[in-house]
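S.K.: Going down the list, the protein sequences come from chains A and B. The numbering of the first sequence is our numbering, which starts it at 1 and goes up by one. The numbering of the second sequence is our numbering, which starts it at 1 and goes up by one.
Keep in mind the hints are simulated off the structure, nothing from the lab. Where a beta carbon is used, it is the ideal one built from N, C-alpha and C, also for glycine. Please note: incorrect hints may appear among the correct ones.
To be verified - According to the in silico footprint, chain A covers these stretches of chain B (three or more CB under 8 angstroms from chain A):
1) 9-21
2) 97-111
3) 116-127
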Amino acid sequence: MKTKTESKRQAIIQAAAEVFREVGFDRASMSDIRERIGGSKATLYNYFPSKEKLFFEVMHHAKEVELEAITSELDADAKDLRRELVRFGQKFMTVLYSADAIAVRRLAIAESRHSDIGKLSFEQATVPIENQVAEFLRKVMKRGALRTADPKIAAMHLLSLLESEFLQRVLLGVIDSVKPEALGGAVRRAMDVFLSGYERR
Amino acid sequence: MSKSDSKRQAILENAYRLFRAQGFDGTSMADITSQVGGSKATLYSHFPSKEELFVECMMAALENYMSDTLTHLDASWSDPEAALRNFGTSVLNFICSSEQVEVRRLMIAEAARSGTGKLFFDKISALRSQISSFLAVCMASGLLRRDDPDLAADHLGALLEAEILEPLLLHVREAAPDEEETAHAARRAVAAFLRAYAPTAPSIKAAAAS
Numbered sequence: 001m002k003t004k005t006e007s008k009r010q011a012i013i014q015a016a017a018e019v020f021r022e023v024g025f026d027r028a029s030m031s032d033i034r035e036r037i038g039g040s041k042a043t044l045y046n047y048f049p050s051k052e053k054l055f056f057e058v059m060h061h062a063k064e065v066e067l068e069a070i071t072s073e074l075d076a077d078a079k080d081l082r083r084e085l086v087r088f089g090q091k092f093m094t095v096l097y098s099a100d101a102i103a104v105r106r107l108a109i110a111e112s113r114h115s116d117i118g119k120l121s122f123e124q125a126t127v128p129i130e131n132q133v134a135e136f137l138r139k140v141m142k143r144g145a146l147r148t149a150d151p152k153i154a155a156m157h158l159l160s161l162l163e164s165e166f167l168q169r170v171l172l173g174v175i176d177s178v179k180p181e182a183l184g185g186a187v188r189r190a191m192d193v194f195l196s197g198y199e200r201r
Numbered sequence: 001m002s003k004s005d006s007k008r009q010a011i012l013e014n015a016y017r018l019f020r021a022q023g024f025d026g027t028s029m030a031d032i033t034s035q036v037g038g039s040k041a042t043l044y045s046h047f048p049s050k051e052e053l054f055v056e057c058m059m060a061a062l063e064n065y066m067s068d069t070l071t072h073l074d075a076s077w078s079d080p081e082a083a084l085r086n087f088g089t090s091v092l093n094f095i096c097s098s099e100q101v102e103v104r105r106l107m108i109a110e111a112a113r114s115g116t117g118k119l120f121f122d123k124i125s126a127l128r129s130q131i132s133s134f135l136a137v138c139m140a141s142g143l144l145r146r147d148d149p150d151l152a153a154d155h156l157g158a159l160l161e162a163e164i165l166e167p168l169l170l171h172v173r174e175a176a177p178d179e180e181e182t183a184h185a186a187r188r189a190v191a192a193f194l195r196a197y198a199p200t201a202p203s204i205k206a207a208a209a210s
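All chains, full assembly: derive it from the sequences and hints.
M.R.: Okay, here's the thing in structure tokens:
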């Protein structure tokens with residue numbers, strides 16, 4: 001077996017991203033991807049054992065980087081906490097509910113029994129994002145703008161509330177994406193519930 | 001149970017087992033008939049399509065559970081906070097059970113492929129509307145502030161699932177949580193929910209409009 005190289009790996013990811021974008025996950029095949037980069041099917045499979053793994057690598061990584069960047073912008077010292085949360089929620093949900101991110105998420109759940117992509121998704125996206133939000137909330141609680149509670153639990157409540165009006169429909173494929181302008185009301189309602197659930201009395 | 005009911009029950013049980021073992025695509029109506037016995041015509045007289053049969057048998061446990069639990073909810077009026085906490089714990093125990101997690105995963109996996117997503121969603125919405133009705137009664141009697149009960153049911157559900165469901169769905173965690181863990185999660189979720197929907201809390205709709 002030849003040694004794997006990072007440049008070859010990147011070339012495969014690049015080609016796969018193009019194919020997935022052009023024909024979608026279901027119609028894309030490993031042969032289509034191999035044709036773009038040349039080389040043997042064995043080489044391709046040596047890098048990525050299945051179409052699912054490749055799709056996950058291509059889509060998941062991009063979304064994960066974007067979501068973490070949005071989360072890291074949360075400013076615990078923002079004067080208007082509600083405004084800061086709504087701003088965050090709107091940007092976060094716009095990425096999370098794009099068609100690609102929804103597809104990769106359904107795939108992670110569907111395939112989690114047969115491969116480790118569910119675990120990867122949880123460890124590389126869910127946990128770091130929850131921790132970032134928790135760290136933000138810990139600071140907000142410390143400065144007295146929210147009641148003192150376990151910041152990690154509060155972070156999970158916040159993130160779950162953001163999705164509350166859509167998650168079921170999205171996971172069941174009733175809708176394939178949500179337009180950013182349709183998110184605004186749900187984000188504001190979720191953040192109001194979060195704030196009144198965690199405000200100091 | 002009439003003869004027709006017991007036939008229906010036998011179809012549901014066998015179909016459930018086959019779908020879970022072989023998936024939606026890997027199971028045909030003929031497979032189910034050969035397990036249950038009888039003719040294909042009988043099978044179709046109970047369930048007009050494989051999609052409807054799939055949804056019915058995946059949702060059967062949930063429907064039974066909900067009708068039991070919701071009756072119980074109506075009965076416990078003296079302490080609505082305790083009622084919601086018990087309800088929340090019970091819901092979590094049910095949805096986090098290994099079998100229900102597997103059903104949910106299968107539903108999500110098959111929804112887009114087989115076009116059953118909308119059927120599932122309609123069923124789930126019908127069940128959720130029963131929780132909305134309970135919350136509407138709480139709102140009418142002044143235990144919760146007046147707001148959209150469907151929205152409140154979405155928020156309550158999201159808070160309940162927040163701590164536990166995702167690692168189970170993604171197979172990061174194998175074992176279902178024990179009663180103590182679900183009781184803690186439900187207590188925290190209901191506490192946040194009741195603060196947000198207390199009669200003295202500001203209206204979400206009014207605040208959202210600003």
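S.K.: Are at least 3 residues of the region 116-127 of chain B within less than 8 angstroms of chain A when you compare beta carbons?
M.R.: Since 5 is at least three, the answer is holds.
S.K.: Count residues of the region 97-111 of chain B with a Cβ under 8 angstroms from any Cβ of chain A, then say if the count reaches three.
M.R.: holds (count 5)
S.K.: Check whether three or more residues of the region 9-21 of chain B sit with their beta carbon closer than 8 angstroms to a beta carbon of chain A.
M.R.: violated (count 0)
The structure fails to meet hint 1 from the earlier list, while all remaining hints are met.
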